[in-house]
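Please build the complex by placing chain B on the supplied structure of chain A, with the hints as guidance.
Protein chains: 2
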Amino acid sequence: MKLTLITLFVLFTASPSVAQNKLQLEVRAYRQKHEHQILKEFVDLLSIPNVASDQPNIRKNAEVIIEMMKRRQLSPRLLEAKSTNAPPAIYGEWTIPGAKQTLILYAHYDGQPTDPKQWHETRPWQPVLRSAALETGGNIIGMPSPNTAIDPEWRLYARSSSDDKAGVMAILTALDALRSAGVKPTSNLKFLFEGEEEAGSPHLAEIIKLNHELLQAEAWIICDGPVHQSGRKQVVFGVRGDTNVDLTVYAANRPLHSGHYGNWAPNPAYVLARLLTSMKDSEGRITIAGWYDDVEALGETERSAIAEAPQYDNQLKTQLGLAKTEGEGKTLLELINLPSLNVNGMSSGDVGALARNVIPTTATAVLDLRLVKGNDYHRQVQRLTEHIRKQGFYIVERDPTPEERQKHPLIAKLIHRSGGYNAERTQMNLPISLAVIAAVQSTSPDRIVKLPTSGGSLPLSIITKNLKTVTITVPIANYDNNQHAENENIRLHNLWEGIETYAALMTMLH
Amino acid sequence: MKLTLITLFVLFTASPSVAQNKLQLEVRAYRQKHEHQILKEFVDLLSIPNVASDQPNIRKNAEVIIEMMKRRQLSPRLLEAKSTNAPPAIYGEWTIPGAKQTLILYAHYDGQPTDPKQWHETRPWQPVLRSAALETGGNIIGMPSPNTAIDPEWRLYARSSSDDKAGVMAILTALDALRSAGVKPTSNLKFLFEGEEEAGSPHLAEIIKLNHELLQAEAWIICDGPVHQSGRKQVVFGVRGDTNVDLTVYAANRPLHSGHYGNWAPNPAYVLARLLTSMKDSEGRITIAGWYDDVEALGETERSAIAEAPQYDNQLKTQLGLAKTEGEGKTLLELINLPSLNVNGMSSGDVGALARNVIPTTATAVLDLRLVKGNDYHRQVQRLTEHIRKQGFYIVERDPTPEERQKHPLIAKLIHRSGGYNAERTQMNLPISLAVIAAVQSTSPDRIVKLPTSGGSLPLSIITKNLKTVTITVPIANYDNNQHAENENIRLHNLWEGIETYAALMTMLH
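Here the protein sequences come in this chain order: A and B. For the first sequence, my numbering begins at 377 and goes up steadily by one. For the second sequence, my numbering begins at 377 and goes up steadily by one.
No lab work stands behind these hints: they were computed from the structure. Treat the numbers as computed from the prediction; the structure is a model and nothing was measured. Beta carbons are placed, not taken as given, at the ideal position from N, Cα and C, and that holds for glycine. Fair warning: there could be bad hints in the mix.
No more than 30 angstroms apart at the CA atoms, straight line, and that leaves these computed lysine-lysine pairs for DSSO-like [said to hold, decoys possible]:
| hint | chain 1 | residue 1 | chain 2 | residue 2 |
| --- | --- | --- | --- | --- |
| 1 | B | Lys-436 | B | Lys-446 |
| 2 | B | Lys-436 | A | Lys-706 |
| 3 | A | Lys-789 | B | Lys-700 |
| 4 | A | Lys-693 | B | Lys-436 |
| 5 | A | Lys-766 | B | Lys-693 |
| 6 | B | Lys-783 | A | Lys-706 |
| 7 | A | Lys-700 | B | Lys-446 |
| 8 | B | Lys-766 | A | Lys-693 |
Far from chain A, some chain B residues (derived; all Cβ distances over 10 angstroms) [claimed, not checked]:
| hint | residue |
| --- | --- |
| 9 | Leu-454 |
| 10 | Thr-460 |
| 11 | Thr-478 |
| 12 | Glu-511 |
| 13 | Glu-589 |
| 14 | Lys-656 |
| 15 | Asp-726 |
| 16 | Thr-761 |
| 17 | Val-772 |
| 18 | Asp-856 |
Same shape as in the complex, but just chain A:
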């Protein structure tokens, strides 16, 4: 194992102090005593639909969280965008007399849209406990009666049970545990719970600008995402940027009988298939000109951290049922340091029982572009656009006119969805970075994982661009939480550990 200076330093500072160990045990005792109560409060919160575009329900979520924060004397209030009736951010604070530094603890309370029909037996906003993960045969069990012991391997199934109401819950419960133990945070704490992160945080910049003084801090600690696939806790210093493009190609202006017109009239599914195929080779390398040009190379510290991280690819392949991965032998941790291009969804006509013998009129794909440090999301979309043009497509940003259809054999509509943002990365050797590493390490007997970047995305560049601060992400969810998909869940063990992690973070600065 390579031992760099940083590693040695971290190993040294990471030795858990006696005080930290004592605190962790007190936090654990509090949680063990209040598990039923924590679970009930969490289930109530998860029962409210929380897609950002669902205004009435998003507001209900905010009201419930305000009540949760009031019960904890955090002086909560809504931070509203001025421009529209956007989902509000929720702000709260606990000012510590004499504290010299301030941390902002961030989570988001909105969740990804989901099709309830895709969920297995349960519904997205009707939280249900299972005895284990669905994929390993977990069965539905009722909510435990007050005297029943709660098994930490149980999983709570609901939209946002992991992403990211678990963050709200872990942070607020860590406060309860500190208060119960008579321990004060060692820095001023501010709380920012965002309500439209899954929609791409379109108003976060505005909310930050409107509350510029209020949101100053040494660091924003981001509670979002999963721990390492090995189950080890991790600290993540960066996130990828993200942006989405809706791509639609066109065939005849009405659905045609596939017998009467097939193989004379163009079929949009083939047109889309050919176009997507042109973007990526069979090894998964993106073949769009310039796609990898802007990537900022990793430094020595970051490369060491990746090398030290557990090699988990083979176990992951087995778990996921994959015989082969993309990337010509590169590991997952190496690949998330490159920009990606993925299809999130693809549709043309109908399949299954609704399929019928027609040539559809259009075919659509939703493309997901992930970005790393160095990439600019507008420039990356421009490269995609140029690539499509080079394949012979006439490009529009709305449905083509009859005249355009007559003139151009290949037409693609490209809609660059709003809410894109760039990647962000905090240096791993800043004092605050080392303090976070030490705090998280103090709560774990296993060596924690330190990553230069997560594969996932958060609008952290919005924070660092508008405030002089850094962001460090300390995730708590199990990695197999089906985040963003149907059957999202959290393993209770991860929520319990997350509470301990956040109590340690609240008391880490001296």
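Here is chain B on its own, set in the frame of chain A:
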């Protein structure tokens, strides 16, 4: 213009006799007097959902048609399959004392499945009149009150308004018109209305075998499909065979976050796109080995008929908004004499508002294989299967096991849907063929179109394989009827003309 022997003969026999002209005028007068009544009976029939798999409603359709036929003294009864509770065929007859020949008039009363949400303003089984085609700005108009004149350009929107309850309606109304004129058919008439044609006629062979004597006839006249795109009446001597395959490819066994795993975990949409692209070149030529090998070349008569047909491709391209068609310059009529491969539907994950940042677990396409004379549908599916295997796929007929997923990087599930059948073609110079051409020609001032084959499919090979007879198709619907798709409709003018056509056919044999 090339004048072949056949053409000359047809032109000669096609001269409308005085008797035929008189009959046509009488039929027209009957229709003009009874338009409101015809429309009402039709709307009632169209109001019953008629997807073959919807047993209760399919039976309701059969009951209503039985009542319609009883009113016309056609001694109707159900012909049931023995094996299952399949949609019944409906049989009826009108025996003419002294008649030496028998015709069977065929139509089907089931319709393609459809997603009601895809219909514009109206619903599939709530028939609505529009002032013109939706695509040309037709507005919804109420059902006309008894004294309102009915414009033949109005269109009736409903599932099966064209395909194929129009057939049932035209045939039964032609009988009413004959009776009203005091004219008897010149041959015995039998009626066979099938209830699961759109499901691929899985029980037609069984029903024919169970009623072998009953269903003997000189010819089956098939009322299904559209008239020529130019608006001219047509007689079609063949149909393509048809079969469908559901193709599914696999990625990870659970949906993955596209940031955390994207471009490491394979994306099924790209896998499917690459596979589909391998099947067809950019000119629309199918690149599967042997695809065109079995095609039985057209004879001189058939090639002449195609050459004589109106050249309509350019108008059609304009109407459909197509700048280019497939087939390297071949005409539509040439191309429908080749086997085809089309995507009817394609799906992976979700698009639009439900799209989220995941890597879907599977991608699916529904493939439609059309066949011409010489092709065997099992052999053609075998070629498709071999092609997929040659692209490196491990092929299964159910979801892969965990062991198979671990072992094979590329897995494709192929489900060959039941109900496939081969193409069928009747010689164009048989006496019965010439009689049909003459009868249809007698009702039209324009030269009618004679086609060796339609692009569409009907299970006619099931009929000719099980009975010593021939099939000749005489369609009546407008070509732009959105058959099989949402917003299916019939132009009333076409229904009116269809009644005249069928009255002529009922009196053509002497």
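ask   = When you check the alpha-carbon spacing of Lys-693 of chain A and Lys-436 of chain B, does it fall within 30 angstroms?
value = Violated, at roughly 53 angstroms.
ask   = Would the least Cβ to Cβ distance between Asp-726 of chain B and chain A come out above 10 angstroms?
value = 4 angstroms, violated
Interface exclusion of Thr-761 of chain B relative to chain A, criterion Cβ beyond 10 angstroms = 19 angstroms, holds
task = Could you let me know if the closest chain A CB is still more than 10 angstroms away from the CB of Glu-589 of chain B?
result = About 32 angstroms separates Glu-589 of chain B from the closest Cβ of chain A, which puts it past 10 angstroms; holds.
Outside-interface status for Val-772 of chain B - nearest CB in chain A farther than 10 angstroms = The assertion about Val-772 of chain B holds, with a minimum of 13 angstroms to chain A.
key: Given pair status - Lys-693 of chain B, Lys-766 of chain A, alpha carbons within 30 angstroms   = 25 angstroms, holds
inquiry  = Given the hinted pair Lys-700 of chain A and Lys-446 of chain B, is their Cα-Cα distance within 30 angstroms?
reply    = Answer violated: Lys-700 of chain A to Lys-446 of chain B is near 65 angstroms, above 30 angstroms.
ask   = Would Asp-856 of chain B pass as off the interface with chain A, using Cβ distances and a cut of 10 angstroms?
value = 8 angstroms, violated
task = Take the C-alpha atoms of Lys-766 of chain B and Lys-693 of chain A, compute the straight-line distance between them, and say whether it is at most 30 angstroms.
result = OK: Lys-766 of chain B and Lys-693 of chain A at ~25 angstroms, within 30 angstroms.
key: Closest CB of chain A to the CB of Leu-454 of chain B still more than 10 angstroms away   = 25 angstroms, holds
task = Mind checking the alpha carbons of Lys-436 of chain B and Lys-446 of chain B for me, to see if they're no more than 30 angstroms apart?
result = 15 angstroms, holds
query = Can we trust that Lys-656 of chain B is non-interface, i.e. its beta-carbon lies farther than 10 angstroms from all of chain A?
reply = 6 angstroms, violated
Of the numbered hints listed earlier, those contradicted by the structure are 2, 4, 7, 12, 14, 15, 18.
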